[in-house]
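Novice: Protein chains in written order, with our numbering: chain X, 5 to 332; chain Z, 7 to 377.
Treat each hint with caution, since some may be false.
[Unchecked claim] Okay, derived cross-link-like pairs now, BS3-like style, lysine-lysine, Cα gap no bigger than 25 Å in a straight line:
1. X:K158 with Z:K222
2. X:K80 with X:K158
3. X:K106 with Z:K207
It is worth saying that the hints were derived from the structure and are not from the lab. None of the values given here were measured: they were computed from a predicted structure.
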Amino acid sequence: MVAIDVRNIVKRFGDFTAVKGISFQVASGEIFGLLGPNGAGKSTLIRMLTTLLPPSEGTALINGFDVARQADDVRKAIGVIPQAMTSDLELSVEENLLIFAKLYGVPRDRRKRLITELLEAVELTEWRDKQVRNLSGGMRRRVEIARGLVHEPKVFFLDEPTTGLDPVSRVHVWEMLQRIKSERDLTVLITTHYMDEADKLCDRIAIVDHGQLMALDSPMKLKASVPGKNVLEASFSSAPADWIEVLRRLPDVEEVTGHDHVFRLATGNGPATTMAMLQTAAQMQVSVDSLAVQSTTLDDVFVHYTGRALRDTLQAPAPQDNPFMIRR
Amino acid sequence: MHRTLAIIEREMRRFRRSPMLIVMSMMMPIVQLVVLGYAFGGNVKHLKVAIVDQDHGVPAVRIRELAGAIATGNHTFDVIDYSDVGVALADLRNGVVNGVLTIPPDYSRRVITRQEPTVALISDNTDSFVSATLSATMAQVVGSLGQPVKTTIRTPSQPSLQLVEVYPYVPYIQYLLPGSITMSIFMMVMIGGGIIFIDDKARGLHEGYLVTPITKFELIAGFNISGTIRAVIAGAFLMVIGSLIAGVPNPLDPMRMMRLLLVITVTAFALISMMFLIMVRISDPLLPRAVFGVLNTVLYFPSGAVYPQQGFPKWMQVIAAADPFTYAVHAFKSLLLKNTGFEAIAFDLGFLVVFSVVSMGAATMLFRRTL
Ligand SMILES: Nc1ncnc2c1ncn2[C@@H]1O[C@H](COP(=O)(O)OP(=O)(O)OP(=O)(O)O)[C@@H](O)[C@H]1O
Ligand SMILES: [Mg+2]
Chain X
5 MVAIDVRNIV KRFGDFTAVK GISFQVASGE IFGLLGPNGA GKSTLIRMLT TLLPPSEGTA
65 LINGFDVARQ ADDVRKAIGV IPQAMTSDLE LSVEENLLIF AKLYGVPRDR RKRLITELLE
125 AVELTEWRDK QVRNLSGGMR RRVEIARGLV HEPKVFFLDE PTTGLDPVSR VHVWEMLQRI
185 KSERDLTVLI TTHYMDEADK LCDRIAIVDH GQLMALDSPM KLKASVPGKN VLEASFSSAP
245 ADWIEVLRRL PDVEEVTGHD HVFRLATGNG PATTMAMLQT AAQMQVSVDS LAVQSTTLDD
305 VFVHYTGRAL RDTLQAPAPQ DNPFMIRR
Chain Z
7 MHRTLAIIER EMRRFRRSPM LIVMSMMMPI VQLVVLGYAF GGNVKHLKVA IVDQDHGVPA
67 VRIRELAGAI ATGNHTFDVI DYSDVGVALA DLRNGVVNGV LTIPPDYSRR VITRQEPTVA
127 LISDNTDSFV SATLSATMAQ VVGSLGQPVK TTIRTPSQPS LQLVEVYPYV PYIQYLLPGS
187 ITMSIFMMVM IGGGIIFIDD KARGLHEGYL VTPITKFELI AGFNISGTIR AVIAGAFLMV
247 IGSLIAGVPN PLDPMRMMRL LLVITVTAFA LISMMFLIMV RISDPLLPRA VFGVLNTVLY
307 FPSGAVYPQQ GFPKWMQVIA AADPFTYAVH AFKSLLLKNT GFEAIAFDLG FLVVFSVVSM
367 GAATMLFRRT L
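Next comes chain Z alone, as it looks inside the complex:
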């Protein structure tokens, strides 16, 4: 046991004197949190919509007024008047405008005679996000206009959907925070338990350990406990800094911090075990550097950290189910966004513990006490 402590002491002393390590493991998650948070979090604004009015009747003018109101109101789009459909479509194709709204010549007549009046929205569907926003907003415009036209009588017996929001609106940056905390833990594990671990091995530092009477288990415990401590420090740092940046309400609530710290610790150990299993038979210092990006992508994106997993194809859902990030992110989301208790995260903790035990067991079996 004292030998395990000696290894931990050595690793922690080295860690204290390499502040770059902690900066490096913090930088990527924080930059991603801020940039992704603001890049995806906002509503789309100032889309350019060409309006070609071939009707000029009173109902057509109403549509243009309403569109103009949105343009000056929440700026979702700006309106540009075109007289020629051909020119408008050419501009759409060339990216000058994002969508073309045509009001056909018989529009007013159909409104008056109630013969299903239609306007057409042609949008550039190569950007699905933009075209979805545009058609949703246009549907609103036409809908509000169509109210007096299409009169439907509401009866109390008709079923209707009422939306009740349980939690206050969550900005996207807060939605991203759980993934960022998980990533900071991963970065520390990748650098400390992957890159530096293999560099030490290649430099012969492990030879120094192996000629002492230390046992295999003392050695493994020393490496992994010190790695877990480092990763917990990184995760805890990001929990506090990230909560402040993302504006999580009540960020320093002690009960929640306790639970968060528990999840951080279990996650750190799960990721260290996984990394140790990957690196246990590796000696080439290039390898951890090469797998760094791949591993990060494969673990981070399927975890539901940036996009709900329900939107994934089947194969990616399979990856997600085995990905320890998934459970860490889910637990952090419960605690940070909904401030839940233990029941909500029990399964996540259970999975991560089992994952750790299995990986660590396999790695221990593969570990060799000779060169």
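This is chain X alone, in the form it adopts within the complex:
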């Protein structure tokens, strides 16, 4: 069964198009990841799927209901964790869940049982009476995850639930999500900047950039789709001008990119290429300043499909936020 069916959806803000006709389907029970740099249009897409923004063109069906024409049916079927932390600081953990259970009209007896269950699941039972303002960022996120599930939704949308958390809290949140997901009939759509997380958790991943879908597949297949099994990253000093050509002729090398003194080599055989490169460098009196050999990661997939490293774009402002930045 199809839980989320996105059909050529478009969102325009004035003459800026944030989402440029995206289509995909998410099967019931799947964990689906949306990856993309800042300003890619992830939040805009989620807002359209959760009835917060009307699409400019195209449609989306959630559990068979149209987001524009059957908004209320969609709202009953979904749980949403927005990108910003939206739990009430002045309210206790339990009150936060209680208010939302009431907003969703969950009957009193079910309310009690569900809240107890969910607090257990996000490991906040002993914090239930504490005001949210006393909680850490990670715990606050867990409150929100519990809050989003308080009416037992069928489809769960999470917009960057781990951004801004320390690595330990991040792992914790993901493990929790995985466990919650395994215990109930739930479809999850999640956005993130973190490739490693998406790799471990998601059944399938969509890479979005500039409002367009660049790639969509399981993490395994995505990694297999980029050239090479390994990636060498090396920097050199006193390299000749045609050094990049020399690197391209090394054995098993499939692709070389480079700027300044840093070169990335995609290769089918990491050890062989490494040995050959070191020998060539020694012969030509080029010194190797740094060298790293890795297996292909989703980061490389990202670079391959968007033409830039995710960690670089993370810091840079979105082009339309800065009128003085030239688009490349």
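Put chain Z with the ligands on the given structure of chain X with help from the hints.
Specialist: The following block gives chain Z with the ligands in isolation, referenced to the frame of chain X:
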């Protein structure tokens, strides 16, 4: 309906845990009540009057005696003797004295020959309040002196004005209290329904509401009923505390409190509706902060809370007629200063209800259920 209740419950729980909010909305009205009440309420005292006596005759000495009596009596002014008019006028210009009274050389002769004797008061009219007080007091002095001089025969057929005071004298601080109660309601509306409302919106709290199956009307009702409850609490607090501070006679009269509470509720709803209309399409958290002072000034001062509206220029009377504060202040004045019944406030209540319905209707039409 249960969803509206959920929103109200959330807002009230948050309100209970933010005591600063109630302190903030009380502080400004109470400080204003006390400071303005005492700054403007008292009579002017110890104005400095230079007396230049160029006559030295017996009638001139009488004027100086009478002026001296006032100086030692109710201290409206202190008398300083000058021998030279030039020096006295220079001191007036430099602010050393507030007024100069000159008794001309021929004053005594004119008194005796009954040729319209005059003394001159030169006052610093850059401060109209001071010069008005001074000329009024001086007129008294000269008047009491002139009685035997200018003899007029009173005939019973001559019309005369007799002043009858209906209510006991109202100190200025009590006159200000109605405005302060209205302002405390406004402060709560401005902070709770303006600043915090937009902050919540900017922080994405409203997104949390909008993804639930709540209807537009349930949402609007939730926001506005909770806002009204908060504002009523603020107004009721100030009604009690303010009445005690200002010394309103019989402050806890239950019938009057009931009527006051009704006016507070209607006023709170009118102001919340107005605020909701202003904020319905706003998302920038700076905006409510920026309009705060302007709105306060435009609503409070034309309302007749500090000065009677009859003294306003035409354009300000137009603002006053549309200003919900005007009707709230009028109703509070009737109840607090005159302890009237419903007839005196019926029009005010009517206006405020119509004002609320119109603003809330417009805001509801402008409200969007999407981002
Ligand atoms: N209401 C709006 N009006 C105009 N432009 C908007 C609006 N909302 C978003 N945008 C623009 O649309 C683009 C996509 O924004 P979006 O928030 O969807 O990105 P994102 O992928 O979620 O990024 P991030 O990782 O920073 O959350 C951005 O360039 C943003 O400036
Ligand atoms: Mg986003």
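Novice: Run every hint past the structure and note whether it holds.
Specialist: Going down the list of hints, with the structure as the test:
1. X:K158 with Z:K222: holds (24 Å)
2. X:K80 with X:K158: holds (9 Å)
3. X:K106 with Z:K207: Distance of about 20 Å is within 25 Å: holds.
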